[in-house]
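Sequences are here, hints too, so could you generate the full structure?
Listed below, chain by chain, are the residues.
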Amino acid sequence: MRSLTVTLIGLAAVGGSEPLNADDSAGLTAGTKKPWFVDPRRLPEITVLPSPEAVEAARKAEEQKRVLDETAARLKAEEERHIAQEAETQRQVKELKRLNEEAKAKADEDRARAEAEARQNEAAKPTAGPAAKSAPIRASTNIPAYALTCPSPAISTEPTQGGRTKIAVKSSCRANQTIEVKYGPIVTARALDGTGSAEFLLDLFLGGEVAATLTLADGEQHPLALPAQDLGDVTKVAIIWNSKVNLDLNAFEYAAVTGEEGYVWAGAPRDVAAAAALVARDGRGHGFMSSTDDGQHEGAKVEVFTLMRSKGQDKGTIAMALDYAASGTASNGACAAGSEAEVAVEVVVRDFDGAVSHENGVIPAVGCASARPASGRYLKGIVPDLRIRH
Amino acid sequence: MSRTVVKIWTSAGIAAALVVIGAGAAIATEVVLRLKSGDLQISGELVSSDKTKYTINSRSLGSLTLDAAHFDCISAGCPKEGAAAPAPVPAAHAPEPERAIGPSQLSISGSNTVGNLLMPALIDAYAAKTGTKLVKVVSTDPLDLDFRMAGHQEQGASVIALHRHGSATAFTDLAKQVAQVGMSSRPIKADEAQKLIEARLGDMRLPGSEHILALDGLVVLVAPDSPVVSLPMQTIVEIFSGQITDWSQLGLPAGPINVYAPTPESGTFDTFDQLVLKANKVALTPNAKRTANHAEQSDWVAHDPLGIGFAGIAYQRNSKAVLIQSSCGLTSSPSVFSMKTEDYPLARRLFLYTSGRPRDPLAQGLLDFALSQQAQTIVKQSDFIDQIPELAPYSTQADRIANSTNAPAENFDAALMATLTDDLKSRERLSVTFRFQTASSVLDNKALADVKRLVELLKSDDYVKKSILLAGFADSKGLFSVNAELSRSRAKAVLDALRANGLSSTQSKIIVKGYGELAPVACNDTQESLQRNRRVEVWVR
Numbered sequence: 005m006r007s008l009t010v011t012l013i014g015l016a017a018v019g020g021s022e023p024l025n026a027d028d029s030a031g032l033t034a035g036t037k038k039p040w041f042v043d044p045r046r047l048p049e050i051t052v053l054p055s056p057e058a059v060e061a062a063r064k065a066e067e068q069k070r071v072l073d074e075t076a077a078r079l080k081a082e083e084e085r086h087i088a089q090e091a092e093t094q095r096q097v098k099e100l101k102r103l104n105e106e107a108k109a110k111a112d113e114d115r116a117r118a119e120a121e122a123r124q125n126e127a128a129k130p131t132a133g134p135a136a137k138s139a140p141i142r143a144s145t146n147i148p149a150y151a152l153t154c155p156s157p158a159i160s161t162e163p164t165q166g167g168r169t170k171i172a173v174k175s176s177c178r179a180n181q182t183i184e185v186k187y188g189p190i191v192t193a194r195a196l197d198g199t200g201s202a203e204f205l206l207d208l209f210l211g212g213e214v215a216a217t218l219t220l221a222d223g224e225q226h227p228l229a230l231p232a233q234d235l236g237d238v239t240k241v242a243i244i245w246n247s248k249v250n251l252d253l254n255a256f257e258y259a260a261v262t263g264e265e266g267y268v269w270a271g272a273p274r275d276v277a278a279a280a281a282l283v284a285r286d287g288r289g290h291g292f293m294s295s296t297d298d299g300q301h302e303g304a305k306v307e308v309f310t311l312m313r314s315k316g317q318d319k320g321t322i323a324m325a326l327d328y329a330a331s332g333t334a335s336n337g338a339c340a341a342g343s344e345a346e347v348a349v350e351v352v353v354r355d356f357d358g359a360v361s362h363e364n365g366v367i368p369a370v371g372c373a374s375a376r377p378a379s380g381r382y383l384k385g386i387v388p389d390l391r392i393r394h
Numbered sequence: 042m043s044r045t046v047v048k049i050w051t052s053a054g055i056a057a058a059l060v061v062i063g064a065g066a067a068i069a070t071e072v073v074l075r076l077k078s079g080d081l082q083i084s085g086e087l088v089s090s091d092k093t094k095y096t097i098n099s100r101s102l103g104s105l106t107l108d109a110a111h112f113d114c115i116s117a118g119c120p121k122e123g124a125a126a127p128a129p130v131p132a133a134h135a136p137e138p139e140r141a142i143g144p145s146q147l148s149i150s151g152s153n154t155v156g157n158l159l160m161p162a163l164i165d166a167y168a169a170k171t172g173t174k175l176v177k178v179v180s181t182d183p184l185d186l187d188f189r190m191a192g193h194q195e196q197g198a199s200v201i202a203l204h205r206h207g208s209a210t211a212f213t214d215l216a217k218q219v220a221q222v223g224m225s226s227r228p229i230k231a232d233e234a235q236k237l238i239e240a241r242l243g244d245m246r247l248p249g250s251e252h253i254l255a256l257d258g259l260v261v262l263v264a265p266d267s268p269v270v271s272l273p274m275q276t277i278v279e280i281f282s283g284q285i286t287d288w289s290q291l292g293l294p295a296g297p298i299n300v301y302a303p304t305p306e307s308g309t310f311d312t313f314d315q316l317v318l319k320a321n322k323v324a325l326t327p328n329a330k331r332t333a334n335h336a337e338q339s340d341w342v343a344h345d346p347l348g349i350g351f352a353g354i355a356y357q358r359n360s361k362a363v364l365i366q367s368s369c370g371l372t373s374s375p376s377v378f379s380m381k382t383e384d385y386p387l388a389r390r391l392f393l394y395t396s397g398r399p400r401d402p403l404a405q406g407l408l409d410f411a412l413s414q415q416a417q418t419i420v421k422q423s424d425f426i427d428q429i430p431e432l433a434p435y436s437t438q439a440d441r442i443a444n445s446t447n448a449p450a451e452n453f454d455a456a457l458m459a460t461l462t463d464d465l466k467s468r469e470r471l472s473v474t475f476r477f478q479t480a481s482s483v484l485d486n487k488a489l490a491d492v493k494r495l496v497e498l499l500k501s502d503d504y505v506k507k508s509i510l511l512a513g514f515a516d517s518k519g520l521f522s523v524n525a526e527l528s529r530s531r532a533k534a535v536l537d538a539l540r541a542n543g544l545s546s547t548q549s550k551i552i553v554k555g556y557g558e559l560a561p562v563a564c565n566d567t568q569e570s571l572q573r574n575r576r577v578e579v580w581v582r
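Listed in order, the protein sequences are those of chains A and B. Here the first sequence is numbered in the working numbering, starting from 5 and rising by one per residue. Here the second sequence is numbered in the working numbering, starting from 42 and rising by one per residue.
No wet-lab data here; the hints were simulated from the structure. All C-beta atoms, glycine included, are put in the ideal place defined by N, C-alpha and C. Treat the hints with caution; some may be incorrect.
Just the calculated beta-carbon pair ranges, DEER-fashion [as the list claims (entries may be wrong)]:
1. B:ALA109 / A:ASP298: 50 to 58 Å
2. B:GLN415 / A:ALA359: 13 to 21 Å
3. A:LYS319 / B:ALA459: 39 to 47 Å
4. A:LYS315 / B:ARG400: 47 to 55 Å
5. B:ALA459 / A:HIS362: 56 to 64 Å
6. A:PRO231 / B:ARG400: 50 to 58 Å
7. A:LYS315 / B:ALA459: 44 to 52 Å
8. B:LYS518 / A:VAL261: 45 to 53 Å
9. A:HIS362 / B:ALA240: 34 to 42 Å
10. A:THR262 / B:ARG331: 15 to 23 Å
11. B:ARG494 / A:PRO231: 34 to 42 Å
12. A:VAL261 / B:ARG331: 44 to 52 Å
Right under this line is the structure:
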């Protein structure tokens with residue numbers, strides 16, 4: 005405990021015998037002088053112990069001050085860190101944008117050069133076919149002004165036969181814009197027409213419980229409900245691939261061979277009404293291509309075969325295969341050691357009971373400009389056959 | 042300077058900026074790109090990439106095209122180095138945790154029956170069980186299929202190469218040591234076993250090398266709209282040997298009989314050859330159209346109203362299986378139970394062969410899994426016959442038992458027949474049926490495995506208080522009294538094996554009886570059918 009020291013005047017007893025020196029006595033003046041009989045040097049210092057209440061109050065005051073000081077210091081440090089972080093983020097964003105612009109400029113240059121070369125080649129070889137245009141990639145980081153005034157679109161969803169959901173979007177202030185629909189991991193781009201409308205079917209090959217979102221061109225997002233009316237009566241087989249090649253999902257219903265009615269693929273896709281009519285006709289399940297894809301665009305490609313069940317059916321097998329040569333000879337990089345040397349495919353099967361299975365496969369390349377052998381065309385190792393049981 | 046990560050994409054978040062991708066679709070695969078100077082990295086959805094640039098979709102910055110000369114792609118979803126790469130195909134489901142099995146090159150050769158349906162399903166299930174990512178690599182040869190199994194990155198990926206060119210190739214590939222596991226839909230032959238012994242791979246007929254994977258039965262197939270429902274075995278022999286060539290010879294509408302069959306390397310063909318053709322001293326007609334692919338052959342038959350073929354039961358697919366009438370009046374339907382008991386005349390076993398216990402960890406793990414109880418579910422799902430015991434009521438067996446009354450007088454004992462009927466009619470038959478090595482009372486390899494299965498079953502709560510009858514039977518050769526005693530001694534041998542494998546005398550009430558050649562399951566007219574009748578059935582009450 006700390007002590008409190010005070011000097012008491014006139015109350016102390018004189019003690020000691022040391023003489024006063026001249027300086028000391030000369031310093032005494034009227035009004036401020038101590039009584040002559042008082043020698044300050046002789047006044048004893050008396051230590052008085054404070055009360056417990058006073059000690060506690062002092063302790064609390066000091067503690068509060070310490071806490072305030074520490075808090076202020078911490079806040080200041082955090083503020084400084086935040087400022088530094090902001091600066092760093094800004095620097096990085098700036099750097100990324102610069103690199104982005106640089107890359108785009110380089111890509112533009114490359115494209116311009118390639119186009120110039122192509123034009124030259126075109127001129128040199130008048131019989132050559134037109135050069136394929138590369139798909140544009142739009143970079144957009146600014147929110148356009150119209151987004152501030154354009155109201156949210158009208159979005160409706162409606163169950164449709166064959167395990168699909170019809171989605172309708174209307175937003176007149178977004179005419180001709182592109183929207184995206186994300187279904188599970190798959191993002192699909194759609195174009196609004198000149199009136200700002202679009203209507204399309206979403207194939208529910210992962211089921212109806214999967215999260216789905218519609219994203220507008222300005223980034224505004226809308227979660228989508230996926231109502232389905234007959235998912236319990238269909239089995240879906242989907243293939244998903246990224247390589248820019250044309251894969252065809254083939255279904256051979258009940259030992260059908262190519263060209264027969266039971267052979268279903270993108271070139272003979274059937275439709276939901278035709279499949280339903282066949283089910284009614286012979287009491288067996290039949291299917292249709294509910295999604296097809298020519299593989300000639302960037303990004304993911306999806307094909308889906310939807311089997312419509314016949315509940316009374318107790319057996320039967322639908323052979324499934326992948327055709328990697330429907331379009332003829334392997335070329336355009338989809339061969340040998342080219343950019344599409346191996347084609348990776350994911351297979352998703354959603355059964356009528358809701359069970360979803362996934363398999364991953366790879367189709368190896370064939371030699372450039374060589375046709376895939378007949379034995380290798382209808383590849384049956386990746387997509388499982390659909391076996392119908394009791 | 043510490044590295045700062047600009048976070049872009051979360052599972053719940055959507056990019057503010059859009060990427061125009063034509064009429065198609067893009068896959069949301071997140072990647073991380075790091076500036077080569079190392080002080081900056083950015084993550085986002087990979088839209089495309091080539092050797093010169095990456096285009097990603099970032100949440101905060103929108104679409105960015107970044108020069109590959111300045112950035113390294115450092116995450117798992119990055120395109121493969123060297124090979125120019127499309128954005129990788131994502132799993133559309135939460136990825137399983139990966140566990141390395143260790144890089145291996147495992148080659149499995151042999152039976153198309155096993156290798157076309159069952160083995161891929163077992164590999165799939167084994168990969169799922171071990172949390173290993175599996176990628177199938179198809180070949181231009183449909184009889185070959187590779188499985189890449191991803192372990193830890195530093196350990197590389199294991200590969201299982203599956204070659205399904207027929208059971209005979211199991212033994213030639215094992216002998217050449219280009220396969221570590223052989224698949225066969227028939228037992229190894231003596232000359233094949235000898236070659237493997239000479240190749241210092243040991244005797245493949247021993248229990249540690251011969252593994253019974255599943256049961257199966259050959260079914261004779263016709264098109265679904267064919268009028269044929271059942272055929273006598275003798276007619277089947279005459280059709281497949283080319284003695285009957287037109288359906289009109291069987292009183293059906295005229296039309297040439299188109300015979301389909303597997304290739305000579307096939308164990309399915311070998312089994313049919315042994316049980317049907319060679320047993321009747323004939324050979325397959327040279328006019329048969331043949332393929333190594335059983336699914337293909339089955340579809341040929343289904344597609345041809347004038348066709349006939351045969352395959353394992355899992356390959357019935359869209360064809361119709363006909364009932365088989367034997368020479369002694371027994372009619373056999375290709376039911377799961379008749380194949381489990383191996384009473385069906387064309388029942389068979391499916392095998393894996395290894396040179397003892399494999400040393401490769403992947404081969405070991407896969408073999409252990411394939412022979413486990415868990416794998417029996419896969420066997421059943423693949424439309425083969427599992428080895429899980431099941432019960433059938435007496436009524437399903439009554440016709441067969443009643444057939445004994447057709448036996449010649451010297452092979453029939455009315456009193457014992459009455460006892461047999463009394464003993465069985467209040468019981469159910471368990472599918473486990475013990476058979477013996479040829480001309481011996483030594484249990485065969487399947488029976489040895491079945492002993493362990495039965496002990497486990499009888500120890501279970503459902504069975505511990507039941508009354509078990511071990512009913513021994515013999516073939517019809519020899520004196521009835523001798524056969525009665527022989528059949529009882531076989532039943533006693535099974536009881537001894539059960540006790541030796543841990544079944545205590547207090548656990549179940551077990552009765553041992555022998556019924557000689559009564560209630561045959563086959564006609565006693567070929568070596569195969571004699572062997573089929575030498576058995577011990579298990580009846581439960």
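Cross-check of the supplied hints:
1. B:ALA109 / A:ASP298: 50 to 58 Å: Violated, since ALA109 of chain B and ASP298 of chain A (Cβ atoms, about 29 Å apart) do not stay within the stated range.
2. B:GLN415 / A:ALA359: 13 to 21 Å: For GLN415 of chain B and ALA359 of chain A the Cβ distance comes to about 18 Å; the hint holds.
3. A:LYS319 / B:ALA459: 39 to 47 Å: holds (41 Å)
4. A:LYS315 / B:ARG400: 47 to 55 Å: Given range 47 to 55 Å: holds, Cβ gap about 51 Å.
5. B:ALA459 / A:HIS362: 56 to 64 Å: Given a distance of about 60 Å, which is inside 56 to 64 Å, the answer is holds.
6. A:PRO231 / B:ARG400: 50 to 58 Å: holds (56 Å)
7. A:LYS315 / B:ALA459: 44 to 52 Å: For LYS315 of chain A and ALA459 of chain B the Cβ distance comes to about 48 Å; the hint holds.
8. B:LYS518 / A:VAL261: 45 to 53 Å: Distance hint for LYS518 of chain B, VAL261 of chain A holds at roughly 50 Å.
9. A:HIS362 / B:ALA240: 34 to 42 Å: Once the Cβ atoms are compared, 41 Å apart, the range 34 to 42 Å for ALA240 of chain B and HIS362 of chain A holds.
10. A:THR262 / B:ARG331: 15 to 23 Å: At 21 Å between Cβs, range holds.
11. B:ARG494 / A:PRO231: 34 to 42 Å: Taking Cβ atoms as reference, ARG494 of chain B and PRO231 of chain A lie about 49 Å apart, which means the hint is violated.
12. A:VAL261 / B:ARG331: 44 to 52 Å: Between VAL261 of chain A and ARG331 of chain B, where Cβ atoms are some 18 Å apart, the hint is violated.
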